[in-house]
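Trainee: Each chain, letter by letter, is given below.
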Amino acid sequence: MNRRHLLATSVSLACAVLGQQALAQDSYPSEPVHITVVWPAGGGHDLVGRLLGHELSTEMGTPVVIDNVTGAGGTTGMQHVADASPDGYTIGVMGLHAISQSYMNDSAPKLDQFDPLLFISDEPAALEISPDTGITTLDEYVTAMHSDPMSLINGNDPQGGNSFVFASVISNGLGVEPLKLPYAGHAATVTALLTGEVQTATLPLSPVMEQAKGGALTILGVASEERQPQLPDAPTFKEQGYDVVGGDFIMVVAPKGMDAAIRQKLSDALLTASQGEGFVTSATKNGLALRQGGPDMAAQELTAQENVIYPVLLDAGLVTETNKR
Amino acid sequence: MTTVPRSSGKNAIIGLLFLVVAASGGTMLRHSRFNWLGTPIPGDPGPFFLISICLSITGLTGTIMLGLAVRRNKASLRCPVFSMATTGLPAAYVIALIVMPIAMRSLGTTLATSIFAMIWITVLMYRQGTSIPRIAISASGFGIGAALFIQLVFVRLLTLPLP
Amino acid sequence: MMSAFFDVLGQYLSDPAMLGLVALGTVLGLVLGAVPGISSTMALAILMPVTFGMEPDAAILLLISIFMSSVYGGSISAILMKLPGTPASIFTQVDGYPMTRQGRAGQALTYALVASTVGGLIGLVILVTLAPVLAGFARNFRSPEFAAVALFGIVMLSFASNGSILIATVVGLIGVVLGAVGFDSLTDAQRLTMGAPMLQSGFNLIPVIIGLFGLGEVLQNLVGFGRTPADTPKIGQISVPLRDLLGRWKVIGRGSLIGTLIGAIPAAGSAVAVSIAYAQERRLSKTPEAFGTGHPDGVVAPEAANSASVGGSLIPLISLGVPGDTITAVLMGALMVHGLTPGPLLFAKDPTFVAWIYVAVLMALVATLVFGLGMIRIAVLVTRIPPHLMYVFVTLFCVIGAFAIRNNLNDIYVMIGFGIIGFSFAKLDLPVTPLAFGLILGPILEENLRRSLMISRGSWEIFLQRPISALLLLLCLAVVVLPLIARWKRRKACRFRL
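Residue numbers (the working numbering), protein chains in the order written: chain A, 253 to 577; chain B, 888 to 1050; chain C, 318 to 815.
Fair warning: there could be bad hints in the mix.
[To be verified] SDA-like cross-link-like pairs, simulated, lysine to any residue; straight-line CA separation at most 20 Å:
id: 1; chain 1: A; residue 1: Lys362; chain 2: C; residue 2: Pro514
id: 2; chain 1: C; residue 1: Lys603; chain 2: C; residue 2: Phe476
id: 3; chain 1: B; residue 1: Lys897; chain 2: B; residue 2: Ile951
id: 4; chain 1: C; residue 1: Lys744; chain 2: B; residue 2: Ala979
id: 5; chain 1: C; residue 1: Lys744; chain 2: B; residue 2: Leu904
id: 6; chain 1: C; residue 1: Lys744; chain 2: B; residue 2: Val907
id: 7; chain 1: C; residue 1: Lys744; chain 2: B; residue 2: Thr974
id: 8; chain 1: B; residue 1: Lys897; chain 2: C; residue 2: Leu483
id: 9; chain 1: B; residue 1: Lys897; chain 2: C; residue 2: Asn479
Think of the hints as simulated: they come from the structure by calculation, not from any bench.
This is chain A alone, in the form it adopts within the complex (with noise of 0.2 Å):
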């Protein structure tokens, strides 16, 4: 401990007051880039738009800030990267939501109107199961279903939310029905999974990683082609003989129509920074699955995922009639 930290703190708040005034003279970027983010500060979409933003100030010489834009699912953060400016200064960090919102609500963006300029990492579904049920495989679930489908409650996101997409996913590769309990937020489902009110819960890795390491609950599965180097001890379910792989994913997209000079030297930018060894380093730490790729990988992998959650939507009734395709 020594007084570097307290120089440090006062130079960066400093910076932050004055940092501004010393603005690049030539093109882009002459002013602070935003990134938006959909959901509220805290959450793992946040933390990803804080620390790639960190990097990206450092890559391009200018402030960069994170806007958290909330509220009905999503929509409202996704509709102010669509209704930005093209110019590069507005940037938004967005997932399976914005798919399924996009089918569910017609005042929704469509996906055509965002340009997608960096994948970050896949976010595998994965089933969590509480130690108190005594199952600890794969099969004793199944087997366990198929004798009574009410014994083993499910909490998942609502109806749209990437955690109940994963349920309706799972379960259909699995051939069981469960109840599916629905919690608003991840953090809630992990409550609820801990003190026993749900007994499953088809949560991505992170926000179950440390419950895990620490045996509150067991994962019987991830949807993953492989095991998740964070979660070594946690099999797939491909592994197991089902073949169940799928999840959320984080990119970064742009709204539509942006000058294709500022494209190539943003896109590059962004592609530097989740690279970087600060970025990497933080986010592997905190269960992100990162495979990171520029702007042509991060358009097939939106394709990709829409193809596969359509027909989930599409099945549990929830694509509006102007959206069915």
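Given the structure of chain A, go ahead and fit chains B and C onto it with the hints provided.
Mentor: Frame of chain A, contents of chains B and C only:
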């Protein structure tokens, strides 16, 4: 739990207000109900259950209050609460505020807020009977001050994405 | 645990850099918290990147200092300008602002600060000594209990304002309806939105409360402005006689206990804690009609509960690894950047880390008291600002604060709309606070009520089968029925009057 005595005129208006809330809420609720295609999970009383109960109680209370007030005092239903003389200034203020977001979008926050500040300080000081030169100094001083403060604190330091 | 606690405390106290960090964090938190329109959550989120480059223990200390002091900072604008910056300071304003109007702003601020410090300390002591017990208590809370707590809050609230209980209840129910606007949290249904994007995002609390209280007050003061000379309140005495402070130890104690207990329940949050603490104090008081007109107990009880709930809200974070409210969510996010994920494992594995948190809370509380006392003298000068400037000043803060919470221009319209409601309600002598709390408690009640019924497949018996929820429901019934019986006995002869 003391009961503050309320004039029956006010009670009638409150009853009317409750009725209006219940009626308009009910209409909007019907619209929402009609537009929802989903089905609730078994056991769930549905997304409109609690709202309907609250609106029904509100409507019922409104009816009773209005009825009692009318019966108790048929003559004095005229309301002394809202009149142009007392609500003219607040109403003008509200209208100016409603224009604000539009002005913020077209002129920028800094300019819009300082114009708002200058106009209203002038109006308020004029009503107090302050002399014109003093008003001019205060209004322009505060207008510029507000602009600077917003620019420095909210835009620069806190980097809010104000338009 | 204890030895780790004292080790860390000694180490921090002997390190000038750490002391400097506490001072810096506290001053920043106080100032940012006191600026209307900046919530504790925003203050933390804005300053989070500053800690990226620090050692984890220094980062925790700075963030917790900002967090704790901004909680008190929020009460400053509530007391001086009737602008509650956080939902938790709604009740501070109910009695604090009248005190300011009476020229007792300094005293109100002192009461709030002392109650806040003592409440925080009591919350901390309970946290350090009883964390496992409280965590066990919190684990018993499932959907039926959450629903029962929310109902209890709504019932208590009907007694929190002067005037007719029936009318207060109906206003609270209107608040519940307003809280339901937007997307249903359990299905994908849109409610009362008419398909408009502005209504789809629902009513966020901050624009609602600054509209209801802040703008509502400005509009009221504009009635007949200039015809009658506006009275600027005097600054008056700042210090509070020690006797008056000590005499309120019971109020502080009760508030702190309620705050810690309710804060420990995940997702219940400080807003529920303060509403129950305030209503409870008003019920117990010998002079309930004095509440709402500048009664110091009305400032002391919610402030103690608010600050104590911070200790409580750290319990789910430490024991379950889930944040109890939005502020702890930001704190947790910041900790995770440093690779420290709070959870059951960490508690057992790394007592030093938990000691960092406890010591940081303690030092932040003391620093807030010291700097807060110093700041009161400056803060009360706000009351010397001439009214016409003050109104415009407050309005601008209302506009920017409403926008800033979600960076959404539509929220400014929400704020104006609720300003008009606040103004009209005051004209009609309707209480405003139940509206705000219906809006807070309604969604908690509805979500958990419906989820309980999904679990029980539609059987309402689930609320009676679980002991804690049955007990809470019994309490609700007692709170409603007992005064009715008493009144019925008293007024057998009189006819029921509305």
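Trainee: Each hint: holds or not?
Mentor: Hints versus structure:
no., hint, verdict
1, Lys362(A) to Pro514(C), "14 Å, holds"
2, Lys603(C) to Phe476(C), "14 Å, holds"
3, Lys897(B) to Ile951(B), "14 Å, holds"
4, Lys744(C) to Ala979(B), "17 Å, holds"
5, Lys744(C) to Leu904(B), "13 Å, holds"
6, Lys744(C) to Val907(B), "17 Å, holds"
7, Lys744(C) to Thr974(B), "10 Å, holds"
8, Lys897(B) to Leu483(C), "15 Å, holds"
9, Lys897(B) to Asn479(C), "16 Å, holds"
Checked against the numbered hints given earlier, this structure breaks none of them.
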